[in-house]
Structures are given as structure tokens and as C-alpha cells.
Amino acid sequence: MPPADDVVLRVENLVKHFPVKGRIPFTSGGVVQAVDGVSFELRRGETLGVVGESGCGKSTLARMLVGLEQPTSGAVRFGESVVHEARGRELRALRRRIQIVLQDPYTSLNPRRTIREILLQPFEIHPDVLDRRRRVERIRELLDLVGLDPDLHLDRYPHQFSGGQRQRIGIARALALQPDVIVCDEPVSALDVSVQAQVVNLLERLQDELGVAYVFIAHDLSVVRHISDRVAVMYLGKLVETGPERGLYEAPRHPYTSALLSAVPVPDPAGRSGRQRILLAGDPPSPVDPPSGCRFRTRCWQATETCATTEPPLAAGPHPVACHYPLAA
Amino acid sequence: MTLLEVADLRVAFPGPTGDVNAVNGVSLHVEAGRTLAILGESGSGKSVTAQAVMGILDAPPARIGGSVRLHGRELLTLPRKQRDRVSGEEIGMVFQDAMAALNPVFTVGHQIVEVLRVRRGMSRVDARRRAVELVERVRIPAARDRLRDYPHQFSGGMRQRIMIALAIALEPDLLIADEPTTALDVTVQAQVMELLAEIQRDSGMGLILITHDLGVVAEVADDVAVMYAGRIVERGTVEQIFAGPAHPYTEGLLASMPRVDRRDEQLYAIPGAPPNPARLPAGCPFHPRCPRVTDECRVTLPPLAALPADRASACHHHEEVLRATRR
Numbered sequence: 000m001p002p003a004d005d006v007v008l009r010v011e012n013l014v015k016h017f018p019v020k021g022r023i024p025f026t027s028g029g030v031v032q033a034v035d036g037v038s039f040e041l042r043r044g045e046t047l048g049v050v051g052e053s054g055c056g057k058s059t060l061a062r063m064l065v066g067l068e069q070p071t072s073g074a075v076r077f078g079e080s081v082v083h084e085a086r087g088r089e090l091r092a093l094r095r096r097i098q099i100v101l102q103d104p105y106t107s108l109n110p111r112r113t114i115r116e117i118l119l120q121p122f123e124i125h126p127d128v129l130d131r132r133r134r135v136e137r138i139r140e141l142l143d144l145v146g147l148d149p150d151l152h153l154d155r156y157p158h159q160f161s162g163g164q165r166q167r168i169g170i171a172r173a174l175a176l177q178p179d180v181i182v183c184d185e186p187v188s189a190l191d192v193s194v195q196a197q198v199v200n201l202l203e204r205l206q207d208e209l210g211v212a213y214v215f216i217a218h219d220l221s222v223v224r225h226i227s228d229r230v231a232v233m234y235l236g237k238l239v240e241t242g243p244e245r246g247l248y249e250a251p252r253h254p255y256t257s258a259l260l261s262a263v264p265v266p267d268p269a270g271r272s273g274r275q276r277i278l279l280a281g282d283p284p285s286p287v288d289p290p291s292g293c294r295f296r297t298r299c300w301q302a303t304e305t306c307a308t309t310e311p312p313l314a315a316g317p318h319p320v321a322c323h324y325p326l327a328a
Numbered sequence: 000m001t002l003l004e005v006a007d008l009r010v011a012f013p014g015p016t017g018d019v020n021a022v023n024g025v026s027l028h029v030e031a032g033r034t035l036a037i038l039g040e041s042g043s044g045k046s047v048t049a050q051a052v053m054g055i056l057d058a059p060p061a062r063i064g065g066s067v068r069l070h071g072r073e074l075l076t077l078p079r080k081q082r083d084r085v086s087g088e089e090i091g092m093v094f095q096d097a098m099a100a101l102n103p104v105f106t107v108g109h110q111i112v113e114v115l116r117v118r119r120g121m122s123r124v125d126a127r128r129r130a131v132e133l134v135e136r137v138r139i140p141a142a143r144d145r146l147r148d149y150p151h152q153f154s155g156g157m158r159q160r161i162m163i164a165l166a167i168a169l170e171p172d173l174l175i176a177d178e179p180t181t182a183l184d185v186t187v188q189a190q191v192m193e194l195l196a197e198i199q200r201d202s203g204m205g206l207i208l209i210t211h212d213l214g215v216v217a218e219v220a221d222d223v224a225v226m227y228a229g230r231i232v233e234r235g236t237v238e239q240i241f242a243g244p245a246h247p248y249t250e251g252l253l254a255s256m257p258r259v260d261r262r263d264e265q266l267y268a269i270p271g272a273p274p275n276p277a278r279l280p281a282g283c284p285f286h287p288r289c290p291r292v293t294d295e296c297r298v299t300l301p302p303l304a305a306l307p308a309d310r311a312s313a314c315h316h317h318e319e320v321l322r323a324t325r326r
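So the sequence lines, in the order shown, correspond to chains A and B. Throughout the first sequence, residue numbering follows numbering that gives the first Met the number 0, covering 0 to 328 in sequence. Throughout the second sequence, residue numbering follows numbering that gives the first Met the number 0, covering 0 to 326 in sequence.
Keep in mind that the hints are not guaranteed to be accurate.
[What the hints assert, rightly or not] Going by beta-carbon spacing under 8 Å, a handful of chain B positions derived as facing chain A:
no.	residue
1	A189
2	R262
3	Q265
4	I269
5	A272
For the record, the hints were derived by calculation from the structure and aren't laboratory data. Just so it is clear, CB atoms sit at the ideal spot from N, CA and C, and this is done for glycine as well.
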């Protein structure tokens with residue numbers, strides 16, 4: 000059932016609001032607008048990077064993509080299926096096709112199960128994928144694929160592995176059912192710099208070999224640039240700019256993207272005196288009560304009256320931006 | 000006179016299967032007005048080194064050896080009371096997690112006033128006035144009102160500013176910041192680093208910045224000490240280290256870091272993982288991961304050898320590394 004054109008995942012106007020309790024019992028404190036109208040398409044075999052600061056809704060987005068969270072409105076379409084409307088056989092098929100790798104390799108693996116049991120579990124849930132007698136052979140291949148030694152590692156427990164090795168196990172588990180899409184939610188941010196490069200290289204190699212598409216969610220703009228074909232920038236629950244990796248990083252059009260990029264420290268002391276840095280004032284506002292009009296206007300240096308009253312839409316095109324006064328490309 | 004001089008610092012903790020040697024002979028010095036970055040990954044001993052200098056390690060169980068001199072005065076042999084006085088008044092500290100470092104049941108104003116009253120003997124009114132100045136100094140808007148707030152009422156970046164205000168309240172000569180911006184978003188990180196640099200420029204204090212982030216090091220450090228497995232493996236100015244590292248570990252770290260200002264086709268990945276400090280490999284601790292390993296490396300621990308231009312590297316093959324990396 001993969002779709003005929005090369006779009007594997009189509010996200011349409013996705014919204015997630017969480018109700019908040021009020022200070023007085025039995026009253027409402029409003030809603031957290033965690034994700035507020037996000038749309039994008041993911042093509043076969045590509046990597047879409049999603050960047051944003053903490054609280055921008057990127058993890059809620061990840062959880063909705065794989066069906067762990069029910070959206071308030073909007074849809075995630077995979078071929079003919081809608082992720083949150085599918086039931087029974089259709090839902091089981093969908094779950095095989097869209098997998099997730101989580102940030103913390105210390106809590107996403109069951110500490111009381113061996114690696115053999117952890118990797119066999121997907122096949123027990125989806126028994127029709129592979130004949131029982133071929134499964135152990137398959138998980139040995141999987142371990143080999145992610146750079147672990149099946150003879151050495153198959154019967155160990157998660158605590159016997161380093162952080163980088165555990166993340167490899169998480170990736171092997173996500174690959175077990177040969178998905179079309181893997182959502183990676185901060186997959187390398189808990190790892191040391193020297194180990195992070197190993198996992199990034201592994202993800203790239205697996206994509207080349209298996210043609211799987213990634214939604215790569217992270218706060219580290221350097222890692223996202225390295226791994227992504229296209230990048231989406233999120234601010235307070237909305238996409239403010241999406242575009243091809245090169246275009247977005249070399250010529251950002253949204254003021255927020257520009258400020259975000261200029262804030263990233265560059266490992267080159269020679270150029271530090273000449274670098275121009277846009278220092279944003281303050282923190283992102285609360286998603287319970289976001290600013291009217293453009294949500295970035297309270298921190299934007301070129302905001303006008305219009306920005307306070309009218310919300311800028313994410314324009315169409317190859318490099319869309321949601322800003323009334325986009326920066327010159 | 001050198002502000003801080005650490006010589007052959009060693010810290011070990013007793014473990015269930017023998018000693019964990021967290022710091023194995025670290026020597027470094029910090030001059031007034033300069034920033035030393037201690038760069039390392041988890042388990043490299045960078046935080047334990049800082050804690051030993053600050054005097055906040057419990058000993059026992061920790062066993063601390065070597066020498067830590069501030070303004071030429073040895074700190075490690077001072078009686079507990081005097082040591083605490085020096086740590087409190089002459090060394091300021093900023094930690095990664097402000098929520099854990101501040102007391103959640105007192106207002107931030109109370110906490111700053113308390114420090115000034117106890118250590119400086121200020122009157123309540125004077126301490127209050129000084130607290131407002133300090134909170135304004137770290138650029139918190141509406142300082143007077145915010146002193147009445149509790150730590151949880153501040154955002155992460157603002158809490159970090161409060162901790163900086165507390166750290167500089169007694170005008171220390173040395174500030175030690177242990178991963179001060181690691182938990183912050185990148186836009187807030189830029190604000191806090193800018194603030195730290197500005198305060199240092201104005202006060203002329205020495206700054207030790209503990210971090211794992213090569214980008215932060217390149218932006219703010221004057222001097223760099225790279226730590227691996229409880230040792231300094233390379234030391235030099237920030238320009239020297241980034242222009243041409245003299246240790247294969249530094250070389251690998253620089254090559255394995257993706258950059259925001261350009262796209263490399265393939266990242267270099269250092270194979271393996273950092274060693275467990277309870278089971279360090281023989282010889283050079285980096286040898287199992289090193290692309291330049293020889294038989295000598297497996298047997299003999301390379302000392303931190305002085306190189307020309309006042310830098311140092313703990314590698315048997317430092318000349319070869321320098322030839323390969325110099326741009």
C-alpha cells in the first residue's frame with residue numbers, strides 16, 4: 000500500500016491542544032497549543048529535518064506522526080490510510096510502516112529483557128511478517144547491520160551497553176519490520192560528540208542501503224544540516240520556514256531562522272571577532288497564551304503593526320516562509 | 000602571580016571492584032582576566048577536576064592528591080573551615096542545573112541577601128540594595144520585583160542568570176562554570192555566554208569553563224585543556240588547538256563535529272567509546288580508538304610533553320599529528 004507517487008507521508012494541518020487545569024478546581028486554565036496547524040510532505044528515501052527550541056512542539060509532532068498521540072484536528076496520511084482513523088488490520092499494517100527512534104537510549108529499552116528478546120518482540124506483534132524459524136537469523140542480520148556483533152551481544156541486557164550501542168539497538172528495533180518511515184526524535188542529543196558522529200553516519204548508511212525516509216527532529220542545527228535534504232523550522236507550534244538544506248542555511252528568509260543560525264557557536268576561533276550575531280531578547284512566550292498575529296513578533300526586531308494583527312501564512316513554493324517581511328534571499 | 004595553579008591533581012573514588020581513578024595527574028594554571036576551557040566528554044574527569052578545585056568533593060570517600068594553589072596559597076591542606084571560606088569568597092561557581100543549585104523554598108532575593116549578610120556582614124538594607132544591583136547586572140528586567148520570586152518562577156535562562164548573580168556577589172577572583180549553558184536553548188545560550196564574557200571583561204576575574212561543546216570553546220576561550228580518561232591530553236591557546244591539534248583525540252573530535260556553516264559529505268567518527276574510568280586500558284588510554292596507534296602506545300603512557308610555542312601534547316606521535324593537521 001505505499002502510495003504511487005513518491006510522497007510517503009502527508010501531514011495536513013495537524014493540531015494538538017492540551018487542556019490545562021485552572022488555579023481554581025473544576026475550572027479550565029486554557030489550552031497549550033503545542034502543535035498548531037503543521038503541514039508537510041515527506042518523500043520516499045529523503046530526510047526532513049525539523050528544528051526548534053524546547054517547547055516548540057517538535058516532540059508532540061513526532062508522537063502524532065507515529066500515532067502515539069491523538070491530534071486535536073488534522074491528519075497524517077500514509078498512502079490511502081489516515082494514521083489516526085485506521086483500526087484493526089489497517090492500523091497494524093501502518094504501525095509496521097512507520098517506526099520511531101527515541102532520544103534516551105537508557106529508558107527506551109526494557110532493562111529486564113535481553114537484546115534477543117527486545118529485537119524479537121516486533122515479530123511477535125506482527126507474526127505474519129516472518130516465519131518463526133527465520134527470525135533469529137533476521138535479528139542477527141539486524142545487529143550486524145547496525146555495527147554490533149551478534150555472537151557477542153545477542154544475550155546481553157541493555158545496561159551492559161554504552162549509550163551509543165544502545166542507540167544502535169534502538170535503531171535495529173525500528174528497522175526490524177522494514178518500515179518506509181522512521182521518525183527520529185533527538186536520536187543523538189544524549190550521546191558524546193565522538194559517538195554522535197558514529198550514529199549519524201550509521202543513519203546515513205542505512206538510508207542509502209534501505210531507502211527509508213527519516214523525519215529527523217533535533218535542536219542541534221549543525222547535526223540537522225549534516226543529515227537533512229530539507230529542513231523545517233518550528234516556532235511555538237507552527238512551521239515558520241521550510242526549504243532545501245542549502246537554501247535554508249545559506250539564505251534564511253525568516254528572521255527567527257536567521258537569529259537561530261547566528262546563535263550557533265562555530266568551532267573556528269579565527270573568525271569569532273568578525274561574526275555578526277543576532278541576539279534575541281528573552282525566551283519564547285508561553286504556548287498557553289501565544290502572541291496575536293505572528294507568534295515571533297514579540298522577539299522580532301522588524302515587527303510592525305501588521306505583525307500584531309495578521310498572522311502570516313506559510314506561502315507555497317520550494318522555500319516557503321511565514322513572514323510579512325521575509326529577508327532578502 | 001598566577002591566579003590558580005593546579006599541579007599533579009589526582010582524585011580517586013573507592014568502587015565495588017577497586018578504585019575509580021577519575022583524575023590522574025592534572026596540571027593547569029589560570030591567569031587573571033583569562034578564560035581556560037576544559038574540554039572533555041562524559042567520564043573524562045573534567046567536572047571532578049573542577050569540584051576538587053572548588054573544594055566541594057567529599058573526602059572521604061574521595062581521595063584527593065596533588066596541589067591546588069590560589070594566589071600561591073595551598074588549598075588542599077587548609078583546615079575545613081578556612082577552605083570553605085576561600086571557596087565561598089574567592090571562587091564563584093556556576094552549574095549546569097540551576098534548579099538543583101538554588102534552594103526551591105526561598106525567594107532568590109533571600110538567597111542573595113543571605114550570602115551578603117553572612118559573608119560580608121552587611122545590614123539587611125544594604126544587602127537588599129546590593130542584591131538589586133546584582134540582578135540588574137545580569138540583565139534581569141524588573142530586578143526589584145523579581146527578587147521576591149522563587150526559583151521555579153524563572154525560565155531556564157533567567158535562573159542561570161540568577162546563579163551567575165549569586166556567584167559574583169562576593170566579587171570572586173576566579174569563576175568556575177561547569178557546563179553553564181548545556182541545558183539551554185541555543186538562542187538563550189548565546190545570551191548567557193555573552194553575559195559571562197562581559198562580566199569577566201569588566202571584573203578581570205579568571206574563568207574556567209567546563210564544557211563538551213567545541214563550538215562554545217571556540218567562541219569564548221583563550222586557552223584550552225583537552226581531557227581524556229582523567230588526564231590532560233593536549234593544552235594550548237584556542238587558536239593553536241583549532242588550527243592544528245597536536246593529539247589524535249583532539250584531531251578526531253574536530254573532524255567528527257558537523258558544522259552549521261558548511262556541509263561535509265562524511266563525518267569522521269572516532270571508533271569505540273570513551274573508557275570506563277574503573278578499567279583504563281594500559282599504555283596510552285586513547286590507544287584502542289586511535290588511528291595512529293603503534294606498539295609503543297599499547298605499553299607506555301605518554302607524558303604531557305612541552306612543545307614549541309608554549310603548548311603541550313600527551314602523544315608519542317605528536318610531531319606526526321602536528322604535521323598532518325597544521326593548516
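Hint validity - B:A272 Cβ closer than 8 Å to any chain A Cβ: This interface hint holds because 4 Å falls under the 8 Å limit.
Satisfaction of the B:R262 interface hint, Cβ to chain A closer than 8 Å: 6 Å, holds
Satisfaction of the B:A189 interface hint, Cβ to chain A closer than 8 Å: Since chain A brings a Cβ to about 4 Å from B:A189, closer than 8 Å, the hint holds.
Hint check, B:I269 versus chain A [nearest Cβ-Cβ separation less than 8 Å]: 4 Å, holds
Status of the hint placing B:Q265 at chain A (closest C-beta pair under 8 Å): 7 Å, holds
Going through the hint list in order, the structure satisfies each hint without exception.
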